[in-house]
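For this one, chain U is given, so just place chain C on it according to the hints.
Residue strings, one per chain:
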Amino acid sequence: MTLLRARQLTKRFGGHAAVDRLDLSIEAGEIRCLIGPNGAGKSTALALLAGSLSPSAGAIYFDGSEISNVAAHDRAKRGISIKFQLPSVFPELSVRQNLKIALSRRYLGSELDDRIDETLDLVELSDQRGKLARVLSHGQKQWLEFGLAISLKPRLLLLDEPTAGMTPEETERTGELVLRLNRSGVTVVAVEHDMQFVRQIARTVSVLHLGTVFSEGRLNDVLANEDVKKIYFGEAPRHG
Amino acid sequence: MTQVELIALAYQFGLAVAFLILSAAGLAVIFGMMGIVNMAHGELIMIGAYGTSIANRHGLPLVLAALCGVLASTATGVLLERTVIRRFYDRPSESLVMTWAIGLFISQAALIVFGPSLPSISSPLGSVAFGGFSLSIYGLLLIAFGLAVPVAIYLLLSTTTFGLHARATMQNVEVARAIGINSGSVYSATFALGAGLAGLAGALYAPTMSAVPNMGGSFIVQAFVTVVTGGGNLVYGTLPAAAGLGLVQTALTAVFGNLVGVLGLLAAVIVSAKLFPNGLAHRLSGKRFS
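If you read the sequences in order, they're chains U and C. Okay, so the first sequence: first residue is 1 according to my numbering, each after it adds one. Okay, so the second sequence: first residue is 1 according to my numbering, each after it adds one.
Because the hints were derived from the structure by calculation, they are not lab data. These figures come from a predicted structure and were not determined experimentally. Note that the Cβ used here is the ideal one computed from N, Cα and C, for glycine as well. Do not take every clue at face value.
Take a look, some chain C residues computed to stay more than 12 Å from chain U by CB distance [what the hints assert, rightly or not]: (1) Leu15; (2) Ala75; (3) Trp100; (4) Ile106; (5) Ala178; (6) Ile181; (7) Val260; (8) Ala273.
Covered stretches of chain U, going by a simulated chain C footprint (3 or more residues, C-beta under 8 Å) [unchecked claim]: (9) 9–17; (10) 99–110.
Interface residues of chain C toward chain U, partial, derived using beta-carbon atoms under 10 Å [to be verified]: (11) Thr161; (12) Ile179; (13) Gly180; (14) Asn182; (15) Ser183; (16) Gly184.
With the rest of the complex left out, here is chain C:
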């Protein structure tokens, strides 16, 4: 294998890992911190992409448009948490069905309001040629985001007052309330954070794919397999899970093509679930959750 081929493969690996991390980050935060399996995660990603696409079409530069997409999904997350989700905190099965129903409602609403698809956004920043191989600069940006997001969330949870209050609330809500922490606000903020991360994934990938009502489906399988493999901790779970799964998928795709790459990804998840039933995070840090 030549050096160029190696770099091309590393680039593909970086893209695969970034996609897994960015797809899973919001889901991991909400599951890891709150124990809620958010089946509407894909639709929150879609809202991020739609917000970005619509704002960009109305003349906003892509960065500001992406910010609009993130804000749209965050606002949706706050609204959902305040009106529906908070009634199901101690009922995980019901919350799973409820968020699934919310997801269906959102995607159908998007279909009715915006039609079957939105005009696509062109991919920015161009590309650089590298020994006959072309690297998208935007792809490199996605890889950078894929690495930066878990680090940022880790710092948020470990160094800020919000992070300390959030971890305390998730570990023992009764004591948290007893020492004056408003657990309702912490839950709202945590769900909003997860929804915002989902929106960020949608906003970042909006220029790379068609904005359609069911586009969340393109993310949701990868998001769930990453969280199932890693557990709900972004640094000790999502990051190594995405690296491992990304490696398997990239290697198999390079040799046998896309179909075998996806099948290999699913096989790796099954093997990992068998070896580490509590997730990699539990194995690596003793923590299942954040």
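Okay, chain U solo, but in the shape it has when bound:
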């Protein structure tokens, strides 16, 4: 079953199309990585899917319904969750309060406390629960944001460079977390540069170039493609 579909999705900034007639189809239960060189439109595409940006043209469908003009907070309620590129948490709230905000939308009382504890354990921040989020390390902030994103029990989790700034060890643990979430039924779309991480989590990758899908398939097949190599080394063939 197709969970998410983008049709001819376009985002223009002035005269420049950061995302240009993008067609993308994500099956329920899939882990899809969007890869491509800097400026390919990956993060913009993710922001369009999450509702942080409004499309200039085209349409987005989630679970069969068009959500192109649905506000970001309503997309979150429908089950679309995003983890941003830079660690985006609430810096002047404690780690526990950060999670409480997200979880209090679904749970109350002692169940809320239980879920907060459970999520703290999952993202390995139980020892940091009372600290202000701003004093956490970069990796811990990334994991706290993971906690925020998964608190919503999303059906679709959008990850924008989830391992940026992480050590190889943290990256691997993040990959394990993503796989665990996926096994529990969460569909994942991740923008990522770290090919080790992509290899760890993804079965299918889409290569974005000039704001649209240039190539799609298994990672090894895609990376073996001569045209894709040219994209990464800056000799990209242009779309007609």
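Okay, now just chain C, sitting in the frame of chain U:
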């Protein structure tokens, strides 16, 4: 100095601090939480006073009339936020000019609709004599409100779901939206809260001054100097700033008269701005905003 003189001075100090706090509370909430410098703050105070005065003149007891004044300014705040202010959230300079224009419009509209002044309300509750000095009970009530308002706002922001959502939205609006918080509603509610606090100031001081279209001017200087000195945090900023400035003003007024008291207040603001350019709140808690 006799004990009576000391109590009289403490009373004057309490009145000065309460006036600074109540004048500044709405401005501090809107600036501290939203980063908007609301130049129409004085006019929202005026609406609170007008609502109180008109409702009281139509037979409502003062408490209910004051509630009408607060509701009038809150409703005006909601209307302004929905129609104008929300278009200027990421443009502070434009929002400053826009709210200034709105303030002019409101005061002129009040002049056209209600004339140059409204009949005054008599000050309630009487007074108590204290060793030859008379203390207004209503003045004591104003002092109590001056202390209660920052505490109430602090509790609202730190213990309620609305407060948590509001603080989250102000700290990172993109993440707040991503976890399902309706940031538009939070902004509306926060602006309405600030407008309601402005209305509360107008309602509380309606029995103590003439209700005229430009009466907001009596509050706005004190409101701005308090917020500039303290920063946008009510407890860590507005409260200590009002206490410090109130102390300077009361002491100088007692010795040298009203003019020197006001000049001393402004001088204290300049010194404070030089010593604590990010506001007292930043100095005391590391937080510039709420």
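Comparing the hints with the structure gives:
| no. | hint | result |
| --- | --- | --- |
| 1 | Leu15 | 34 Å, holds |
| 2 | Ala75 | 25 Å, holds |
| 3 | Trp100 | 30 Å, holds |
| 4 | Ile106 | 31 Å, holds |
| 5 | Ala178 | 5 Å, violated |
| 6 | Ile181 | 6 Å, violated |
| 7 | Val260 | 40 Å, holds |
| 8 | Ala273 | 24 Å, holds |
| 9 | 9–17 | violated (count 0) |
| 10 | 99–110 | holds (count 5) |
| 11 | Thr161 | 6 Å, holds |
| 12 | Ile179 | 4 Å, holds |
| 13 | Gly180 | 4 Å, holds |
| 14 | Asn182 | 5 Å, holds |
| 15 | Ser183 | 7 Å, holds |
| 16 | Gly184 | 8 Å, holds |
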